[in-house]
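A.B. asks: So the sequence lines, in the order shown, correspond to chains A and S. Once you know that position 128 of the first sequence is 128 in the working numbering, the rest is easy, because the numbers rise by one and skip nothing. Offset between the second sequence (1-based) and the working numbering: plus 269.
Simulated from the structure, these hints should not be mistaken for lab results. Keep in mind that the hints are not guaranteed to be accurate.
As the list claims (entries may be wrong) - Below, simulated DSS-like cross-link-like pairs (lysine-lysine); rule was C-alpha separation at most 27 Å, straight line: (1) S:514 to S:587; (2) A:133 to S:537; (3) S:409 to S:514; (4) S:528 to A:133; (5) A:133 to S:319; (6) A:133 to S:514; (7) S:471 to S:460; (8) S:514 to S:464.
Stated by the list, open to error - Stretch by stretch, here's where chain A covers chain S in the computed footprint (C-beta under 8 Å, at least three residues): (9) 295-308; (10) 340-349.
Heads up, the beta-carbon is just placed ideally off N, CA and C, and yes, glycines get one too.
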Amino acid sequence: MSGRASVFSVKAQTGFGTISIACFFALYLPIVILVFFAFNGAGSQGTWGGFSLRWFQVAWQNQQIQDASWRSLQLAAIAATLATLMATPAALATTRTWAYRGLTFKFALLNLPLIVPEIVTAVALLAVFARIKVWTGYTGIGYLIVAHTAFCIPFAYLPLRARLDGMDLSLETAATDLYANPWNTFRYVTLPLLWPGIFAGFTLAFVISLDDVVITEFVKSGGQETLPTYMLGQLRRFVTPEINAAATGFLALSVLAVTASYFISRKRK
Amino acid sequence: MNRLKGLLAGLALCASAATASADGDLAIYNWGNYTSPELVKKFEDTYKVKVTVTDYDSNDTALAKVRAGGHGFDIVVPSANFVPIWIKEGLLLEARPDQMENFKNVDPRWIDVPWDPGRHYTVPWQWFLTGVVVDTAVYKGDINTTAIWLDPPPELVGKVDVTPEMNEVMYAAIRYMGGKWCTDDKALLKKVRDKLREAKPKWLAMDYEIVEKFAKKDYAGALYWNGAAFRAREQNPNVRFGYPKEGFPYGMDSVAILKDAKNVENAKLFMNFIMAPENAALISNFATYANGIMGSEKFMKPELKDAPELSVPAEFQKAGEWITTCPPEVNEVYSKIWKDLLK
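Excised from the complex, chain A in its bound form (with noise of 0.2 Å):
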């Protein structure tokens, strides 16, 4: 029985392990380079100058990183939140009822930003920012939460989603069997419940706003460069391990973020 499974198992495929060992280089060996070069005592990219921390408090030292970096995490932080305020409802709302027309059609609708190509998205919101910064003369931050926080909305959705999907449906029923109000429910049995969904949603969605380019370089008024699109402005000229350093510090956060997330969904199941 169990050697007939392995037989049709895509492990046991020829070529499987060669394609991904092929995959894990392709994926993991540019961004070991690139934190190896973060190390690099030389000014350069290419040649190995021996292990030196210099390039991080060059970083570190950088008004112009320090600036673009305490900017993206009040971004990330502001618009995760608000995305995962927004998505819980929906999550609930979407879950917890019974199946009926249109509600595919409403999944596909909050799930839209995941599909539509950034580079769209990203000239759509400039035109109608545009138009809004014309009329109200306002320039500030709020363009980039708004914008941040829509396409965060997917990313804190579907873990929330995934969680009450997987959720015993019998406890809540048990619930208002016990005359709980529908508030009561929610409050002392799904939310408990619910909260290392909630959190995976969040820290998922802050990673994303963190790591875009695309939308904010279109979406950014003057003196709000964030640190990815710092980063790009950085390319026309010579690129020096200090950029490495601020990736490598940026990568380390995401990481952090991604893995507490992690131990906190699987912690409550």
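Model the placement of chain S on the given structure of chain A, informed by the hints.
C.D. replies: This is chain S only, laid out in the frame that chain A set:
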């Protein structure tokens, strides 16, 4: 009622605060890593103006954002071949820098440029050119020729890098074969194509970033920009920059004021400010290209002041030309030759 009054007073206060701060603002929209922080600081201190610098990564991004409106920027720094588009679309203010006090410092070579004759809209920021870079320890012959990469001498075969920029490569190749930029002469273009095809096997790479490769002696010849040649020489003292006598293209980024700028007066102050030699020198010190303001050399870093890469010798000045935008049908032929070369 009182509450309403309070609210109105509050709003009025906000409005006045907004205009008050607007008087002291300047929003610069420039290429990334291109604006000297020292220059910005000096301008802020001199005129008590708060400056914000925002980056873009390409002419197209900048154009798209400004075209859409509501951008809130005052100053933009487009490349020479893009300036006519900005002017034609009515995006730039005719600021008449040619009537400003410091205009007398602008090198006459950069005043009657075809893309802004007489400088009614723009002020030079930095200029550069594409020429040849040679490690003179490897090749000792004449370096002021495009032959370095199109007919490489035996010493350089297999050690040449050519920048992967279509316009720069096509320009140099067409001039080398005796043609004019934007020519549609089929016979000549055929010769250009064959020459490029014949030369390519003698190259090592078509890549950006030459400084490290010249330092490690991987490259001994290149078609590249003068500012990078300067940095390459700092790493490898045998590196020299050659001005191809057959013809080479200039490039320049220029400062312009946007038509819908909110801080026009401050923007004009900035234009005048960067035409002062001591301030223009700060631009060059930061980005290592020449600026087009006479007398600024005196204030440059010593290694930059005497850099042969940044001043074209008189005998080669005639060989330099601006790359203009060719008609679409010509451009299509050039693209075909280029794609054929990249294959």
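A.B. asks: For the region 340-349 of chain S, does the count of residues with a C-beta closer than 8 Å to a C-beta of chain A reach 3?
C.D. replies: Three-residue rule met by the region 340-349 of chain S, so holds; n is 3.
A.B. asks: Mind checking the alpha carbons of residue 514 of chain S and residue 587 of chain S for me, to see if they're no more than 27 Å apart?
C.D. replies: 9 Å, holds
A.B. asks: Tell me if the straight-line CA distance from residue 133 of chain A to residue 537 of chain S falls inside 27 Å.
C.D. replies: Status holds; Cα separation ~24 Å.
A.B. asks: With a Cβ-Cβ cutoff of 8 Å, does the region 295-308 of chain S contain at least three residues near chain A?
C.D. replies: With 7 residues in contact (Cβ-Cβ under 8 Å with chain A), the coverage given for the region 295-308 of chain S holds.
A.B. asks: Given the proposed pairing of residue 133 of chain A with residue 319 of chain S, does the C-alpha separation stay at or below 27 Å?
C.D. replies: It holds: about 21 Å lies between the C-alpha atoms, which stays within 27 Å.
A.B. asks: Need the status of pair residue 471 of chain S, residue 460 of chain S: alpha-carbon distance at most 27 Å?
C.D. replies: 18 Å, holds
A.B. asks: Given the proposed pairing of residue 409 of chain S with residue 514 of chain S, does the C-alpha separation stay at or below 27 Å?
C.D. replies: Between residue 409 of chain S and residue 514 of chain S the Cα gap is close to 17 Å, so the pair holds against 27 Å.
A.B. asks: Holds or violated: residue 528 of chain S with residue 133 of chain A, Cα cutoff 27 Å?
C.D. replies: 16 Å, holds
A.B. asks: If you draw a straight line from the CA of residue 133 of chain A to the CA of residue 514 of chain S, is it 27 Å or shorter?
C.D. replies: Judged against 27 Å, a Cα distance of about 51 Å means the pair is violated.
A.B. asks: Would you check the hint for residue 514 of chain S and residue 464 of chain S, treating anything up to 27 Å between C-alpha atoms as holding?
C.D. replies: 18 Å, holds
When held up to the earlier numbered hints, the structure conflicts with hint 6 and nothing else.
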